[in-house]
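**Q** Each chain is listed here by its residues.
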Amino acid sequence: DTGVSQNPRHKITKRGQNVTFRCDPISEHNRLYWYRQTLGQGPEFLTYFQNEAQLEKSRLLSDRFSAERPKGSFSTLEIQRTEQGDSAMYLCASSLPSTWREETQYFGPGTRLLVL
Amino acid sequence: DQQVKQNSPSLSVQEGRISILNCDYTNSMFDYFLWYKKYPAEGPTFLISISSIKDKNEDGRFTVFLNKSAKHLSLHIVPSQPGDSAVYFCAAAKDSGGGADGLTFGKGTHLIIQP
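So the sequences go chain by chain: A and B.
Heads up, the first sequence is in the working numbering, so the first residue is 1 and it goes up one at a time.
Heads up, the second sequence is in the working numbering, so the first residue is 1 and it goes up one at a time.
Hint data in this document are derived by calculation from the structure and do not stem from the laboratory.
Some clues are possibly wrong.
[As the list claims (entries may be wrong)] Taking beta-carbon pairs under 7 Å as the criterion, some of the chain A residues facing chain B (in silico):
#1 41
#2 42
#3 45
#4 48
#5 85
#6 108
#7 110
[Said to hold, decoys possible] Mimicking DSSO-like on lysine-lysine, the simulated pairs with C-alpha atoms at most 30 Å apart in a straight line are:
#8 107/B <-> 14/A
#9 71/B <-> 71/A
#10 57/A <-> 68/B
All residues carry an ideal CB built from backbone N, CA and C; glycine is no exception.
Bound conformation, chain A alone (with noise of 0.2 Å):
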């Protein structure tokens, strides 16, 4: 399978305790994404990567986010000190853009994460 991988794809934790998630995003893409899915809503944008480098953040991305791609390659998300209000899907996507205008992103299963 080619497509982006996120482990695990389901993690329980209980308040204060910290996580982390990895997204191995497809081989040849070299921009990477982190959204935050919660019920009801569409996905909501946190930071992206080009390469290893980190070039945007979401207000959204608080001081207890932190997210990191060393090699370019894969990327983790971690959270510190975890709050219930951060019990959400996270999602993963890759992309390689082929044109200025034109950028297609393709996104991981997510890792749900239920902090109680």
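With chain A held as given, fit chain B onto it using these hints.
**A** Chain B only, in chain A's frame:
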């Protein structure tokens, strides 16, 4: 503020008929639009896209129409099949295709295809 709006939370269509899903946007900076399909417990799957220089794009049973003056786009599925039952998200991107801000999504429309 919701910059991408899908005003129909759900839509029921008979198998074989046309499904029309609508999307409105408010930000005139959006210039690339995508439709994604999502099954429960899975990530969104890309369906079809359109750039603002076009008003129609077709791919098999799926056609997307863009009306820039009305800031409106629609996805047509003909003929509708049972496997099309899913949540459909409209998404929009600015400038170089979302590199700066990511995609902006609507809340989705749950399409139900009835046999």
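**Q** The structure should be examined with respect to each hint, and the outcome stated for every one.
**A** Against the structure, the hints:
{"no.": "1", "hint": "41", "in the structure": "6 Å, holds"}
{"no.": "2", "hint": "42", "in the structure": "3 Å, holds"}
{"no.": "3", "hint": "45", "in the structure": "3 Å, holds"}
{"no.": "4", "hint": "48", "in the structure": "6 Å, holds"}
{"no.": "5", "hint": "85", "in the structure": "19 Å, violated"}
{"no.": "6", "hint": "108", "in the structure": "5 Å, holds"}
{"no.": "7", "hint": "110", "in the structure": "5 Å, holds"}
{"no.": "8", "hint": "107/B <-> 14/A", "in the structure": "29 Å, holds"}
{"no.": "9", "hint": "71/B <-> 71/A", "in the structure": "40 Å, violated"}
{"no.": "10", "hint": "57/A <-> 68/B", "in the structure": "29 Å, holds"}
Hints 5, 9, counting from the list given before, are not met by this structure.
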